[in-house]
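Chemist: Build the full structure now, drawing on both the sequences and the hints.
Protein chains: 2
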Amino acid sequence: MVSSQSVVEGKLNSLRRWMLEQRVDAYCVPRADEYLGEYLPKYNERLHWLTGFTGSAGMAIVLADKAALFVDGRYTVQVRHQVSEVHFELCHLVESAPAQWLAEMLPAGSRVACDPRMYSLYWYRATQTVLAKTQIDLLGITPNPIDLAWDDRPLVTPAPALLLKEQYSGESSASKRKRVGLQLSEQGADAALLFAPDSVSWILNLRGEDVLCVPVLLSMAILEVDGSLHLLVDADRVPEGFAAHVGDDVFLVAACEAEEFLSAWDGKTVLADPSTANAWSQLTLEAGGALLLAASDPVIEQKACKNPTEILGTRNAHKRDALAVIRFLAWLDRNLRDASAAPLSEALLADRLGALRSELDLFQGPSFDTISAAGVNAAMCHYNHLDNDEAFIERDSVYLVDSGGQYLDGTTDITRTVATGDVGEDVKHLFTLVLKGHIALAQAKFPPGTTGTHLDALARQFLWAEGYDFDHGTGHGVGSFLSVHEGPQRIAKLWNPTALAPGMLLSNEPGYYRDGAFGIRCENLLLVQSVEKEDQEVPMLEFDPVTFVPFDRRLLVVDLLSESERAWIDAYHQRILSELDLDLLSPDDFAWLKEATQPL
Amino acid sequence: MVSSQSVVEGKLNSLRRWMLEQRVDAYCVPRADEYLGEYLPKYNERLHWLTGFTGSAGMAIVLADKAALFVDGRYTVQVRHQVSEVHFELCHLVESAPAQWLAEMLPAGSRVACDPRMYSLYWYRATQTVLAKTQIDLLGITPNPIDLAWDDRPLVTPAPALLLKEQYSGESSASKRKRVGLQLSEQGADAALLFAPDSVSWILNLRGEDVLCVPVLLSMAILEVDGSLHLLVDADRVPEGFAAHVGDDVFLVAACEAEEFLSAWDGKTVLADPSTANAWSQLTLEAGGALLLAASDPVIEQKACKNPTEILGTRNAHKRDALAVIRFLAWLDRNLRDASAAPLSEALLADRLGALRSELDLFQGPSFDTISAAGVNAAMCHYNHLDNDEAFIERDSVYLVDSGGQYLDGTTDITRTVATGDVGEDVKHLFTLVLKGHIALAQAKFPPGTTGTHLDALARQFLWAEGYDFDHGTGHGVGSFLSVHEGPQRIAKLWNPTALAPGMLLSNEPGYYRDGAFGIRCENLLLVQSVEKEDQEVPMLEFDPVTFVPFDRRLLVVDLLSESERAWIDAYHQRILSELDLDLLSPDDFAWLKEATQPL
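Residue numbers (the numbering used here), protein chains in the order written: chain A, 1 to 600; chain B, 1 to 600.
Derived by calculation from the structure, the hints in this document are not laboratory data.
Note that this is a predicted model, so its numbers are computed, not measured.
All residues carry an ideal CB built from backbone N, CA and C; glycine is no exception.
Among these hints, one or two may not hold up.
[Said to hold, decoys possible] Among the chain A residues that face chain B by a calculated CB cut under 8 Å, a handful are:
#1 HIS429
#2 ALA444
#3 PHE446
#4 ASP456
#5 GLN461
#6 TYR468
#7 LYS493
#8 TRP495
#9 GLN536
#10 GLU537
Modeler: Have a look at this one:
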C-alpha cells in the first residue's frame with residue numbers, strides 16, 4: 001500500500017530543511033540501525049518511516065530536488081506496491097550503486113551526509129573513496145535528522161534482559177570471557193569490540209526481547225584480554241541478579257557515556273571487524289588513540305560450535321518443535337480432504353502453526369517471519385504473505401511453509417513442501433530432484449578442513465543434471481536460542497573459508513522455484529559430529545539431523561530414487577517415530593504420522 | 001646416491017669464500033632459475049650441483065659454519081639418499097620456514113644474500129619483512145656465485161625456436177596480441193610483463209626445446225596495449241621466417257640489454273604478477289620509474305580456453321596417444337601371462353611406453369617424467385623410478401602408470417592402474433571407489449560460475465564415505481602443446497576462484513594410496529563444453545573426455561556400481577572403439593582391446 005503522497009512530501013520536506021541548515025546536498029537513509037542486524041525494533045525502522053518500504057534491505061538517498069530508493073532483486077515487485085515513484089526514483093541495489101548514483105547526480109564540491117552509526121566502517125570508507133574521485137565529501141553527522149522529525153515514533157520499551165541459566169548455556173560467562181580473552185591475546189590485541197548483539201548475549205549468557213525473532217539484548221561491549229568486559233547498555237536494561245549471573249569484572253557503560261568510553265583506549269590495540277561493526281564506534285576508538293586491528297569477531301567461531309548442553313538443548317527443542325509441525329500438517333491434510341471446509345488462507349495457516357508452537361514448553365517466539373506460501377507465491381523464495389494480498393491454498397498444487405521457533409534450549413528452522421491434491425508429474429519430478437540433493441548432503445561424510453562450499457554441489461547435482469538450479473545458499477548456521485542465521489559457517493556457492501567442525505548447526509535446504517508456477521524447498525537442521533568408527537584411515541565428520549518431521553511421500557517419484565536414497569528416507573521416517581514423544585500426539589495426529597512415515 | 005663428501009665440501013668452500021668477499025652471512029640457493037618454472041634446463045640446476053638433491057622443489061641456505069636444505073613432504077625419504085647430513089641439516093619446507101630458520105640462526109645486523117632472479121617478488125618481499133623483524137637485511141646480488149664456481153656447468157645449447165603453424169594454433173599472433181592488449185587497456189595498464197615462458201610462447205605461436213617436457217622458448221616479454229611486443233631473447237634463438245610468422249610490431253631485446261630495457265618504462269603502468277614473475281624484473285622496472293600494477297598474467301585466462309582448432313588438435317592427439325597406451329597395456333598383459341618372460345622392471349615399462357609414443361605422428365617428446373610404479377612404489381604419488389633402486393612388477397598387485405606426450409596438435413596426460421594378477425578384494429574395493437569418484441566428476445553438469453573447488457567433493461565422496469581420502473588435487477589444467485600443468489583453473493580442495501568455461505582442458509584424477517602397500521589413480525583429460533539441450537532453464541556446462549583407453553575391468557567390484565555408473569563405463573568403453581582408428585592396431589592388440597572393453 002502506497003503511503004499518502006502528502007505525508008511522504010511532508011517527511012521529505014522536513015529532511016530537506018535539516019539538510020539546508022547543515023549545508024549538505026544529500027542525505028542517506030539505510031534500512032539499518034546502529035547494531036546493523038537483520039531485525040530492527042519498530043522504533044528504528046527509519047527507512048520505512050520515510051518511504052513506506054518494508055523490505056529487509058534498502059537505502060534511500062535524498063537530494064534537494066529528487067530522491068532515490070535502492071532495493072535488491074528480491075524486492076523489485078514489492079517496492080512498486082509500497083513506494084510512490086513520484087517521490088522516489090527506484091534503483092537496483094548493488095554494493096556501490098548508491099555511491100555511483102551520488103557521483104553522477106552531484107557536482108564536485110558537494111557534501112553528502114549520513115549517520116555513521118548506521119553503516120559498517122567498510123561501507124563508510126569504500127563510499128568515501130568512490131565519492132572522493134569526483135571531489136564529493138562524505139560526512140558523518142549525529143544526531144539523526146529522521147529522529148528529529150519523527151513525531152509519532154514508537155516508544156522504546158525495553159524489557160529487561162533475561163538471564164539464561166547454565167542448564168541452557170552450558171558454560172558460565174566468566175569461563176567464556178577467559179577463553180575468548182586468551183584467544184585475543186594470541187592475536188596480539190589488548191581488547192576486542194564485540195559489536196554483534198548475539199555475540200554480547202552469548203558471552204554474558206543474556207537474552208533479550210529488543211527485536212522480533214532474535215532474542216538478544218541490543219548492546220555492544222568491549223572485552224579485554226583478561227576476560228573483563230564493558231557492556232554498553234543502560235543500567236535499567238539489566239535485571240536483578242545480573243552481577244551474580246555474569247560474574248566478576250563486568251562493568252556497565254551507559255549510552256550517554258559511550259562516546260567518552262570509546263575515546264579512552266589511547267595506545268591500546270582494539271580488534272574490531274570493519275565489515276560488521278558500525279563506522280561510528282571504530283572512528284571514535286581511533287579518534288581516541290586506539291589502534292584498530294581489523295579481524296573477525298572472536299566470539300563468532302566459539303559460538304558456532306555448540307557445547308554438549310547446547311547440543312542436547314537443540315535436540316530437545318527440535319523434538320518438541322516437530323510435534324507442532326506434525327500437528328499442523330495433519331490438521332492441514334484433514335482440512336484439505338474436507339470439501340466443506342472454509343478456504344484456507346496463507347495467513348490462517350501461518351497463524352495456526354504459530355499457535356501450535358506457542359503451546360510448547362520453553363517457547364519464546366518465532367525465530368523468523370513464517371513463510372506460508374500457496375502455489376505460485378512459493379516461487380518467490382523470500383515471500384511474506386503479510387506484504388501481499390490475501391491468498392488461499394490452491395488445490396492440486398504445493399504449499400510451502402518455512403518456519404521456526406525460539407526456545408530457551410534452542411532455535412529451530414524447518415521447511416516442508418506439501419501436496420494440496422494431485423500435483424502432476426512435473427512437480428513430483430522436481431520435488432524428487434530437490435529431495436535427492438537434500439539426502440546427498442545429509443549423508444555426506446567429509447574430512448576436517450572441508451567447508452560448506454566444498455559440499456554445496458552435492459545438494460545441487462541432481463537439479464544441475466537436468467538444467468535446473470536454485471538461486472540461494474544451501475545452508476546457513478543456526479544459533480542456540482539466538483539468531484536463526486549465524487556465521488561463520490555456511491553451505492553455498494560463494495566461497496566460505498570456515499571448516500565445518502563438530503557442534504556446528506546448519507540448515508540443509510535445497511529448493512526449486514518456477515516463476516509464476518510453484519516453489520519447493522526441503523529443509524532440516526543438521527548437527528556436525530565426528531564419525532565414530534574404528535580403523536578409519538582418515539578422521540571423518542558427518543551430519544546428524546535434529547529435525548524430525550516427515551517429507552511428503554505423495555510428492556516422490558520413487559523410481560528416481562536410488563536404493564540408498566529410499567533407505568535413507570525410510571530410516572529417517574522410522575527415526576521420527578523413535579525420537580519423538582508420540583504419547584503427546586492426539587489419536588488423529590498419530591494416525592496421520594503413521595501414514596506419513598510408511599516405508600516407500 | 002650421496003655425492004662424494006669432499007666434492008660437496010669444495011663447493012661449499014668456494015661459495016663461502018664468495019660470501020666472505022661480499023661480506024654476507026648467508027646465501028640462499030633455491031631449486032629455480034630466472035623463469036621460476038617447474039622444469040629447469042640442466043645448466044640451471046644449481047641446487048642439484050650444490051647439494052646432489054634432484055627433487056623439483058627445495059632450498060639450500062649456506063652460513064659460514066653450517067648449511068641447511070629445506071625440502072617438502074614429497075621428498076623426505078629421497079633427500080636422505082641423495083644428500084649428506086654431514087653438510088646439510090635437513091629441514092621441512094613450508095613457505096616461511098627458511099626465513100624463520102635464518103632469523104633464529106643469525107644475529108641482528110646480519111646480511112643475507114640471494115639472486116633476485118630466482119624468486120618471485122612476493123617471496124622476496126615476504127622474506128624481507130620476516131627478516132626485518134630481527135634486524136636482518138636481505139640483499140639481491142647478481143651475478144650468481146654458483147655460476148662463478150660451477151666449472152663443469154653444462155653448455156647452454158639452445159635450439160632455435162619452432163614456429164607453430166596456424167593449423168595448430170588456430171589464431172595468428174597479431175590477433176592474440178591485439179586481443180590481450182585490449183584487455184590490458186581495460187585494466188588501466190600501459191603494458192604487461194609476460195613472465196611465464198608458456199604465455200610468451202602462446203602469444204607468439206612459438207615453441208622451443210629449452211627444457212624437458214615443456215615445449216617453450218625460455219623468454220619473457222613486455223606487451224603493450226596496442227599489441228606490440230618486446231621479446232627478451234637473443235636474436236640467435238629465433239629462426240628464419242620469425243618476423244613474417246609473428247607479424248608486425250614484435251621487437252627483440254637481447255639478454256645483455258634486458259636491464260636497460262626494463263629500466264626505460266618511467267611513468268608507465270606495467271602489469272605484473274608478483275607471485276609468479278621474478279623479483280629482479282619487477283624491481284628493475286620499478287627502479288626505472290614504472291608503476292607496477294599487481295595482477296595476474298593477462299594471457300593465462302585466454303590461453304586456458306582452447307579455440308576450435310586447438311580443441312580438434314587436442315582430440316586428435318589423444319586419439320593417437322591412446323593407441324600407444326593400448327599397445328603398451330596389451331603388451332604388458334601378454335608378458336604378465338607369459339610365465340617364462342623376463343622380470344619386468346619399472347624402467348623397462350616406462351621405456352617401452354615411451355618408445356610406442358615416439359612412433360606416433362606429430363610426437364615431440366614426453367609431457368612429463370613417466371611415473372611407472374610397481375606395487376608398493378605406487379603408494380608414493382610423485383614416485384620416479386629413476387630416483388630409486390631398480391624395481392620389478394609384483395605379481396598379484398597393481399601397477400600404476402602416469403604418462404603423457406607432447407604433440408604439435410596437443411598435450412596428453414593419462415593414468416591407468418592395472419592388475420598384475422589376483423589383487424584381492426581390498427584393492428578391488430578401493431579401485432572401485434576411486435573410479436566411482438572419477439565417473440561422478442566426469443558426468444557432472446554445472447552452471448557457468450562453477451569452479452573446480454565446487455566439484456572436487458564429487459570425486460572424493462565415495463572414499464570419504466568409508467573413511468578414505470587422497471592427498472592431492474583432483475584435476476589440473478592442461479595446455480595445448482604447452483605445459484601439462486597450466487592454470488588458472490584447477491579442481492581441488494584449495495579454493496580456486498576461476499569459473500570453468502567452455503574450451504578448458506582439465507585432468508580428472510582421483511586416487512588412493514596406502515603407505516607401504518599399493519597405489520591407485522584413474523586419470524582422463526576432460527574438455528569443458530556447453531550442454532546442447534533445448535528448453536533448459538539454466539545454461540549448463542559438462543565435461544567431455546578426450547582420453548580413450550579402457551579402465552581395468554578386472555579391478556572392479558561390479559556390485560558397488562550404480563546402474564548409471566555401469567552404463568557410464570560400458571558407454572565409455574564402446575566409445576573407445578568408435579573414436580579410435582582401430583585399423584592401426586595389430587590383431588593381437590585389437591583382440592586385447594575387444595576383451596578389455598566388453599560390457600560389465
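Chemist: Would you mind marking each hint as holding or not holding in the structure?
Modeler: Cross-check of the supplied hints:
{"no.": "1", "hint": "HIS429", "verdict": "13 Å, violated"}
{"no.": "2", "hint": "ALA444", "verdict": "7 Å, holds"}
{"no.": "3", "hint": "PHE446", "verdict": "5 Å, holds"}
{"no.": "4", "hint": "ASP456", "verdict": "6 Å, holds"}
{"no.": "5", "hint": "GLN461", "verdict": "7 Å, holds"}
{"no.": "6", "hint": "TYR468", "verdict": "6 Å, holds"}
{"no.": "7", "hint": "LYS493", "verdict": "7 Å, holds"}
{"no.": "8", "hint": "TRP495", "verdict": "5 Å, holds"}
{"no.": "9", "hint": "GLN536", "verdict": "3 Å, holds"}
{"no.": "10", "hint": "GLU537", "verdict": "6 Å, holds"}
The structure does not agree with numbered hint 1 stated previously, though it agrees with all others.
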